[in-house]
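Peer 1: Sequence:
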Amino acid sequence: MPDRQAVIDRKDLGALFTLLADEGYQTIGPKPYDGAIVYAPISSPEELPKGIGDEEEGGHYRLTQRGDAKLFGHTKPVQGLKAHLYPARQKLWSAEKAGHGFRVVKDAAPQPRYAFIGVRACELSAMLVQDRVFEGGPYVDKGYAERRKNCLIVLVTCDHAGNACFCASQGTGPDASEGYDLKLAEVVDGSRHVFVTEAGSDKGRAILSKLSKQDAADGDVKAAAANLEAAAKGQKRAMIAGVAELLAAKLESPHWEDVAKRCMSCGNCTMVCPTCFCSTMEDATDLSGLKAERTRKWDSCFSIDYSYIHGGPVRNTAGARYRQWMTHKLSHWVEQFGVSGCVGCGRCIIWCPVGIDITAEAKAILKGA
194 MPDRQAVIDR KDLGALFTLL ADEGYQTIGP KPYDGAIVYA PISSPEELPK
244 GIGDEEEGGH YRLTQRGDAK LFGHTKPVQG LKAHLYPARQ KLWSAEKAGH
294 GFRVVKDAAP QPRYAFIGVR ACELSAMLVQ DRVFEGGPYV DKGYAERRKN
344 CLIVLVTCDH AGNACFCASQ GTGPDASEGY DLKLAEVVDG SRHVFVTEAG
394 SDKGRAILSK LSKQDAADGD VKAAAANLEA AAKGQKRAMI AGVAELLAAK
444 LESPHWEDVA KRCMSCGNCT MVCPTCFCST MEDATDLSGL KAERTRKWDS
494 CFSIDYSYIH GGPVRNTAGA RYRQWMTHKL SHWVEQFGVS GCVGCGRCII
544 WCPVGIDITA EAKAILKGA
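All residue numbers for the sequence shown refer to my numbering, where the first residue is 194 and numbers rise by one.
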């Protein structure tokens, strides 16, 4: 049975931030910065994007003024939470020369405890996908696992769809039924500004028990449900059904070369994707030659060097690299991890300089265009 829903008034939301800080969390949430909304450290609701929305389309992103006081009136930050759980650059180990050999120096720094607030359902789905990548196999990424275990997730449901969103067709939004600690649904009706709230875990129940709240009225619950329905029905894009099986049979489609004529191989799509995890290793020594360290950093399958082995790159054309990315994301990921690697957030569409749309390309390839 789901937890009973409660209502937290807007004026009482600051207590949540104070409580999270008292519990030892560093709160990460959406924040306006340099013409965009990004996930960044915040300490109060006053730092949230009050009254700010976003306009998104293929190759286009702008902030807009909503004309209301909503704190979560945007669709999603420009980047995901991936960088906080799977850092873009991370030292794996360091070593020092010791006699005729060497000794490994362990990094004793504790992993941070993050409280993520304003997490959308597609973002949460991406985190659950990455759990399979970094924790689901025989070789667990210990740093990721510790950061993930330490984090607390405050989901905020969507009340409208962005032009690039297609989470409904992927089954990853605009609502979530698991994986969160607290769920908030923002409801604004005239001067009334509340958050319909429910807990999804013991951690969430402990937090909620310490906050000022009231039982949710039927009107608030219905308003939150109506917002969710509007967010689902308002999505203009959708991924074609059965894409995983269908795409695997289209590896020789001539449309891959049509995409290649437009694709710049810049890698923007992989950088903003909340599930992409390609990486490379970088080894370095100091000038004395007495110390060395290995660093893991993000890479992209759109880089020509990513597939380099003896003799040259395996995928030396833009068409081959786009095919690798798309078929892995939508098809082979299912074979590898049991779920799709795409959560329908639409960031790859927004941040592609030429506006390549993964949903449109999938349809064109599968229809034999």
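What the hints contain is simulated information worked out from the structure, not anything from laboratory work.
The reader is advised that the hints may include incorrect statements.
Unchecked claim - Straight-line distance between alpha carbons at most 20 Å, and here's what the computed EDC-like set of lysine to aspartate or glutamate pairs gives:
hint, residue 1, residue 2
1, LYS560, GLU445
2, LYS454, GLU554
3, LYS263, GLU239
4, LYS284, ASP215
5, LYS560, ASP550
6, LYS284, GLU250
7, LYS284, GLU328
8, LYS243, ASP382
9, LYS406, ASP205
10, LYS263, GLU240
11, LYS284, GLU475
12, LYS290, ASP476
13, LYS490, ASP479
14, LYS243, ASP215
15, LYS426, GLU250
16, LYS342, GLU371
17, LYS406, GLU445
18, LYS204, ASP215
19, LYS299, GLU486
20, LYS560, GLU438
21, LYS299, ASP479
22, LYS406, ASP395
23, LYS243, ASP205
24, LYS284, ASP300
25, LYS484, ASP300
26, LYS490, GLU475
27, LYS490, GLU328
28, LYS406, GLU422
29, LYS560, ASP411
Peer 1: Does each hint fit the structure? Answer for all of them.
Peer 2: Outcome of the hint check:
no.	hint	result
1	LYS560 <-> GLU445	holds (13 Å)
2	LYS454 <-> GLU554	holds (13 Å)
3	LYS263 <-> GLU239	holds (11 Å)
4	LYS284 <-> ASP215	violated (29 Å)
5	LYS560 <-> ASP550	holds (15 Å)
6	LYS284 <-> GLU250	violated (36 Å)
7	LYS284 <-> GLU328	holds (19 Å)
8	LYS243 <-> ASP382	holds (15 Å)
9	LYS406 <-> ASP205	holds (8 Å)
10	LYS263 <-> GLU240	holds (12 Å)
11	LYS284 <-> GLU475	holds (9 Å)
12	LYS290 <-> ASP476	holds (15 Å)
13	LYS490 <-> ASP479	holds (19 Å)
14	LYS243 <-> ASP215	violated (24 Å)
15	LYS426 <-> GLU250	holds (18 Å)
16	LYS342 <-> GLU371	holds (15 Å)
17	LYS406 <-> GLU445	violated (58 Å)
18	LYS204 <-> ASP215	holds (19 Å)
19	LYS299 <-> GLU486	holds (11 Å)
20	LYS560 <-> GLU438	holds (14 Å)
21	LYS299 <-> ASP479	holds (18 Å)
22	LYS406 <-> ASP395	holds (18 Å)
23	LYS243 <-> ASP205	holds (16 Å)
24	LYS284 <-> ASP300	holds (9 Å)
25	LYS484 <-> ASP300	holds (14 Å)
26	LYS490 <-> GLU475	holds (8 Å)
27	LYS490 <-> GLU328	holds (19 Å)
28	LYS406 <-> GLU422	violated (25 Å)
29	LYS560 <-> ASP411	violated (46 Å)
In terms of the numbered hints stated before, the structure departs from hints 4, 6, 14, 17, 28, 29, listed from lowest to highest.
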